[in-house]
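2 protein chains.
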Amino acid sequence: MINTLYLPEIREMLAAQDSAGLAEFCTALHPARTAEFMEGLTPEEAWQVLLHTDLRNRIEIYSYLDDDVQVQIVETAPPEEASELIADMPADDRVDLLNQVAPETVEQVMPLMPAEERRDIMRLSSYPEGTAGSLMTTDMAMLPESLTVRAAVEEVGRQSEEHETIYYIYIVDDDKHLRGLVSARQLVTHLNKPNMPLADLVERDLVTVVDTDDQETVAAKVADYDFLAIPVVDAERRLVGIITHDDIIDVMREEAEEDAYLAGGLEPLVGSYLETPWWELAWKRGLWLTVLFLAAVLTATTLKNYDTELDRVPWLVFFIPLVTSCGGNSGTQSTTLSIRALTNNDITPRDWWRVLRREVATGLCLGGFLAAIGFVVARLVEHEPAASDMLVVPVTLIGVVLCGSVIGSLLPLLFRRLGLDEALMSGPFLSGIIDILGIVIYMTVAISLLQDFSG
Amino acid sequence: MINTLYLPEIREMLAAQDSAGLAEFCTALHPARTAEFMEGLTPEEAWQVLLHTDLRNRIEIYSYLDDDVQVQIVETAPPEEASELIADMPADDRVDLLNQVAPETVEQVMPLMPAEERRDIMRLSSYPEGTAGSLMTTDMAMLPESLTVRAAVEEVGRQSEEHETIYYIYIVDDDKHLRGLVSARQLVTHLNKPNMPLADLVERDLVTVVDTDDQETVAAKVADYDFLAIPVVDAERRLVGIITHDDIIDVMREEAEEDAYLAGGLEPLVGSYLETPWWELAWKRGLWLTVLFLAAVLTATTLKNYDTELDRVPWLVFFIPLVTSCGGNSGTQSTTLSIRALTNNDITPRDWWRVLRREVATGLCLGGFLAAIGFVVARLVEHEPAASDMLVVPVTLIGVVLCGSVIGSLLPLLFRRLGLDEALMSGPFLSGIIDILGIVIYMTVAISLLQDFSG
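Quick mapping for you: the protein sequence lines, in order, are chains A and B. Going by the numbering used here, the first sequence opens with residue 10, and the numbers climb by one from there. Going by the numbering used here, the second sequence opens with residue 10, and the numbers climb by one from there.
Same shape as in the complex, but just chain A (with noise of 0.2 Å):
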């Protein structure tokens, strides 16, 4: 949501050329509400604000702009001055950025920036989305072992500018293979022995990403060990950058968003959803649910097939949704479970066996459960019934939600046994097997226990 509150004030601000008013609004507040402030803007009106204030807090509130104003800006700024912001920007963000910029802008703007930033952005850009290497930035604080503490201290004030982080100080040898780490902690406590070796400080156990790891494991990793930041090193374990704590909190909202909307039947969404037109809507719903419709077409060449027993005994019908609906629900339940229990590494796919023995037991209690009230629905529905109808709907219901439980459960096990993506596949999959089961165990118990099909 856009703040208008300070907007008039910057336009007027803006028209009348007051410097030393828009510099102080740059300044006053954090950056953060700085950039929340400033969101009703055109982005030239947002550039001009940004001008007023020094190259470091620009980047700062430039930063914690929406992406698409920040896009916006870069496309309509001067190419000399986007490139400054660029090439000042952190090295995980500035990537970001100009891979969703318009290529001509890319083109004007690469060749203004110094040599080096040019070609940090060219390694970083070559990660694939969603690895440890697109997320890391390059701005890291390293030094050798062999500076005293008085030294390493003097080199982290001075370098401190250019690094994202300097709570943690990287050590490296002269061929930035990872040797250990000193938080700036340490450094803090131990200033009173200016000439202690850093080599004593340096804590040599260090947990690392690889930059191909998936971002799922570099969260797991960092939320585990509390961390602030996690090195990343490459194939040779040389260090190659450093994962901060702000841009894991983003990767653990992105994934638990793209599951919520996976267990929804739908593609995440990549804006907020009035910001989205309603036909990318549509779209983003439309596939599976033509999926799911598929599926259900099925159920009614399905039950086309019971059509004489239907007609026999016209009261099976009433109870198709309930019947349906339940496998749906435990399977539903079940398959939620066992999805979450394979995020948190809590089963693997060998765990099938005991998986299926705990399912079985728990679908037939909750089966068991439903049935007695069923039971009694039954009983309500049908006024005067045979011993054996009335034991049609009951078993039908220990059935299905055995059957769904145990299905619902299995399904993501597979599917990650095939490297296949279980939040995706499991509902839809599951959908469409238990509402056609349920149809066919329901018609199978009838035919079973009814009179009327006897003989």
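Don't read these hints as lab results, they were simulated from the structure. None of the hints are false.
Copies of the same chain look alike in the list, so a pair counts if it fits in one copy or across any two.
Each computed DMTMM-like pair below joins lysine to aspartate or glutamate, with the alpha-carbon atoms no more than 20 Å apart: (1) Lys293 to Asp355; (2) Lys185 to Asp129; (3) Lys185 to Glu245; (4) Lys230 to Glu263; (5) Lys293 to Asp430; (6) Lys202 to Glu164; (7) Lys185 to Asp214; (8) Lys230 to Asp259; (9) Lys230 to Glu264; (10) Lys230 to Glu48.
Using the hints provided, position chain B relative to the given structure of chain A.
Chain B only, in chain A's frame:
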């Protein structure tokens, strides 16, 4: 999963009373990994191992053990040793721990702790679960504004051992009112100006949370502003604690898990899937399954009202599961979109009119598309249909997809407006309403279009 790799060695060292070996084991690895290797030990064994390292490292390793192992250790260790451990634990963690420990143990341990720590525990445990106060730690670095940079660095170095983070230093007045913040980064950068007043470095526009704020609000603020830690103030703006990035990551994990379980129609699990007894799983699923079942029972009574119509046109039966499943699927999609948008503050209940318009457009578009496929399907299933017959299923599909989209998107807004948890309530209500409505729409369309019912 338990890592049994080093268990025999650890047990051997314990049996041989190999103090040097155990001390080495406790310090050689990152505490999180040491904890992982200890997971197969009994609580008594684990405690014996931990006694071989200093208190600080002991607390570190202990904090990475599973929650139930932590509880068992405190309950079985000698009260003097347990109280020493608890007295030095981070203020937020020990309150969580003591909430889970048997009351007898708490009674034994508490009197053995210093009065100040005891008071701190009492105060923190008075905050309800899920508030900022219950998440925060009271171990933050606080300094008065009057210091110089040199004095501040010395003071921070001296206090360093006591604090959870020293990377943000909070500036308070004599009554602990929060005045601002200095980062360790700024201190390190200005070490070459030791006599600079701290006041010159203070960042005064702080984003804070109040101790009674909800944890979701806190997580959103930290994520938006990329903070390492956020200060918690009381109603008089006195600094009472801080919440650090690692606790925020835990909150985000927890909230995402909770939403995923609720979307799947079951109560969130506390432990891991395999560790939760199957009857507890059945219990957590049983409530919602029963609610959904009772809603589904209404479909049976609804269908019973249409028994003459179904009798007269038997093929109508075949498409009942298709109709209800299309309504349910489009409804689930819309509910998911609406819940995500509410959670991310992209919409509020006041936006209902904009949401409604979008969902009508999306629903008509998707319904129309499915209707087109449905038309073909109806043609395939019925071999020589009358023209009006062939329109029943397509027209119904447009109606149910539209209704599913509209109701699915508005239900979460309604629950939010009523102050209820939309993630918890929307699913069951939706499936209860949409199945019945689907049947009513289907039958109404059939009665109006089919020649069998005319006159």
